[in-house]
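Visitor: Work out the full structure: start from the sequences and follow the hints.
There are 2 protein chains.
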Amino acid sequence: MLEQFKVQINDEVRVDESKLRDLVSSLFVKAGLSKDDADLGADVLVTADIRGVDTHGVSNMLRTYMDYFSKGIINPDPKTVITRETPSTANIDGDRGLGIITTPKAMELAIEKAKNVGMGVVTIHNSRHYGMASYYTLMAVEHNMIGMSMTSCPPQVLPTFGSEPLLGTNPIALAAPAATEAPFVFDAAMSAVAANKLGLARRNGTKLLGGWVADKNGVPIMNEVDPPVPEYEHYNAQGGATSHLLPLGGTREIGSHKGYGMMCVVDILSGILTGGGYGMNPGRPNFGHYVAAYNIEAFMDTNEFKETMDEWINMLKTSKPAKGHSRVLYPGQAEAEVAEDRLNNGIPLHNEVVEWFESACKEHGIPFELV
Amino acid sequence: MLEQFKVQINDEVRVDESKLRDLVSSLFVKAGLSKDDADLGADVLVTADIRGVDTHGVSNMLRTYMDYFSKGIINPDPKTVITRETPSTANIDGDRGLGIITTPKAMELAIEKAKNVGMGVVTIHNSRHYGMASYYTLMAVEHNMIGMSMTSCPPQVLPTFGSEPLLGTNPIALAAPAATEAPFVFDAAMSAVAANKLGLARRNGTKLLGGWVADKNGVPIMNEVDPPVPEYEHYNAQGGATSHLLPLGGTREIGSHKGYGMMCVVDILSGILTGGGYGMNPGRPNFGHYVAAYNIEAFMDTNEFKETMDEWINMLKTSKPAKGHSRVLYPGQAEAEVAEDRLNNGIPLHNEVVEWFESACKEHGIPFELV
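First to last, the sequence lines map onto chains A and B. Using the working numbering, you'd call the opening residue of the first sequence number 3 and step up by one each time. Using the working numbering, you'd call the opening residue of the second sequence number 3 and step up by one each time.
Treat the hints with care, as some may be off.
One copy or two, either will do: identical chains are not told apart, so a pair holds if it fits within one copy or between any two.
As the list claims (entries may be wrong) - Below are the DSSO-like pairs computed for lysine-lysine, each with C-alpha atoms no more than 30 Å apart in a straight line:
1) LYS319 - LYS218
2) LYS81 - LYS308
3) LYS325 - LYS209
4) LYS218 - LYS325
5) LYS218 - LYS322
6) LYS117 - LYS37
7) LYS117 - LYS107
8) LYS37 - LYS73
9) LYS308 - LYS107
10) LYS319 - LYS21
Please keep in mind that the hints were generated in silico from the structure rather than gathered at the bench.
Guide: The structure is reproduced here in structure tokens:
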């Protein structure tokens, strides 16, 4: 599972996480962000790289963010406003700001509310890309709370029995603290496979597995296929690729109506409920977010909770693996192991990404140092 | 989808819902419940039957409940106590009461809290069977709120890469109101298939589909098999069948780690966080529950929310179906259609169930009338 977790990297360079952080922050400042916001955004991106969630780290996201800042698609200096608020909830207008910078602030507010009244739920509308959903849940863990997080995304997944991509991959994340074990961290798109896996297969020439996509008629493709497969890849008027991703479950028989239903839940809680509309809303290129903090002490003794988490985690970790597998992992374990390696040995970046950093530094007059 | 939803019934009798309700309530009173509690429990059971969720209706559950009441496994007169409380949360000791009776009361408390402070989350530990998870979420809908509900269950599902059933089927439900459409209602176990489907296949002699279960070594069975399959059915010391159900996703490649992770989320929020432990806890035959109510008005204008729900539901309903299918359904639509039929034409009960009612009425001295 560990290997499957990581984006495969050849020709990699291991870079220092604090130097990477400084460089990302400097680039964000050049894009018009305040130093504080730039540092915060850099922390969200680099934390994804440290935890092995390379799909949401600097390699995959930073260039898009810089491009969107320069084109005005993302507002580098948003004036966020709370549009409604109660003791346990708030709804924020993100003013087209980048989700990775507005959402940590929303989670801080949720944590404050949870301290005061037990629970905090904060939503954001009119926002942009969310980054790694589990970052915000881990903020709650640092306060001995349970954190939950989700975001509605632009549509690329079919409903069960449908042939049009109407729902986003709509990830859900939840993190909970343990006493001595690494925290439980679940973070997953509610599609059968992350959209990024399709692009990766295309670039690397690897096969798409059965149950990932449907053909142009919406019929699930259940055998392995070589990319690119014209039957499932369609290009929209702007030249962007859209996909016929299947919901988690793949087919109705194995439960795709459940993945479909969970994507709907995310569209409702982080899209419709925020007032910002859903993924398919006409003229909506934006994202809606939802974060929640649960004050464990409001329900039970926090130390007892964390000790029970340790016991439960150990039950899973030490259980007998299936034939052909060496161990059973719990959600968050693989990422904690990758983080230990990367903090000690550096973050692997593809040569091509390092070269991009070098040219971006030259363009913006920033000293280039990564190793 | 409609047909797959329903438990297949041959030799059925259509019975009147209000007569069925009265009869169930009378039996509950004979089991030691107060008249109010008996009426409430009857409503939860019969609502499942009306909505076509026969797995959680009278046919499948009432005999077990009556048996457990008579054996003292379920407490007919629980003294429930709130063990911790904040303005937006509460945790309740269910005193071994039946979940279908304590949980509606917990949801009422959650709704009250949501009215006061925006959100309400109420958990229950030391409880018994939960019934249909969506009943409680529909209570919130009646107050123009979003309802969420989940329960931890006894273990019968494998973790990804595991060979021991360590997690419950752990269903999650969420309901949200619309303006003119039937409410959105999602309600599903986080296993690939409901445990009940295995028993049904055994009784009806139908095949188990690929992706539902694993063999005794934990290896997913991906082809159709005839039940009973000794490789996946194991009988515990008490003679009860345990199963090697697979998580939603079936295999790691189609996302079983996501179904596994969602089952863990339910174990944490409705098990560990309630202080009542998780499904596999030694000596724990009980269930832990979680209900939440979201006051829509705390986030946005409720009418605007409901109109957007209508628009989004219609987008799904009117989208182009996949080849081989006649329509795309949204979660809750099939159940609403079944409810319309059953309220008009009666609830179908198997002859054998009707006979049980007749004998139970005789035993308890209750007049028998169902049609």
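Visitor: Can you give me the call for LYS308 and LYS107, within, between, both or neither, at a CA distance of at most 30 Å?
Guide: Answer is both; intra-copy 26 Å and inter-copy 28 Å each pass.
Visitor: Between the shortest in-copy and the shortest cross-copy C-alpha distance, which are at most 30 Å for LYS218 and LYS322: within, between, both, or neither?
Guide: For LYS218 and LYS322, the Cα distance is within 30 Å only across copies (11 Å; inside one copy 41 Å).
Visitor: First find the shortest C-alpha distance between LYS325 and LYS209 inside one copy, then the shortest across copies, and answer within, between, both or neither for a cut-off of 30 Å.
Guide: both (24 Å within a copy, 24 Å between copies)
Visitor: Between copies, within a copy, both or neither: which fits LYS218 and LYS325 at Cα up to 30 Å?
Guide: between (37 Å within a copy, 9 Å between copies)
Visitor: Quick one: LYS37 to LYS73, C-alpha cut-off 30 Å, is that within a copy, between copies, both, or neither?
Guide: within (20 Å within a copy, 67 Å between copies)
Visitor: When Cα atoms must be at most 30 Å apart, do LYS319 and LYS218 count as within-copy, between-copy, both, or neither?
Guide: For LYS319 and LYS218, only the inter-copy Cα distance (19 Å) is at most 30 Å; the intra-copy one is 41 Å.
Visitor: Is it within, between, both, or neither for LYS117 and LYS37, if the alpha carbons may be no more than 30 Å apart?
Guide: within (28 Å within a copy, 40 Å between copies)
Visitor: Could you place LYS81 and LYS308 in one of the four classes (within, between, both, neither) given a Cα distance threshold of 30 Å?
Guide: between (38 Å within a copy, 28 Å between copies)
Visitor: How do LYS319 and LYS21 come out at 30 Å by Cα distance, when the copy is not named: within, between, both, or neither?
Guide: Result: close neither inside a copy nor across copies, 35 Å intra and 51 Å inter.
Visitor: With identical chains, the pair LYS117 and LYS107 could be close in the same copy or across copies; at 30 Å between alpha carbons, which is it: within, between, both, or neither?
Guide: both (15 Å within a copy, 25 Å between copies)
Comparing the model with each numbered hint stated earlier shows that hint 10 is the single one that does not hold.
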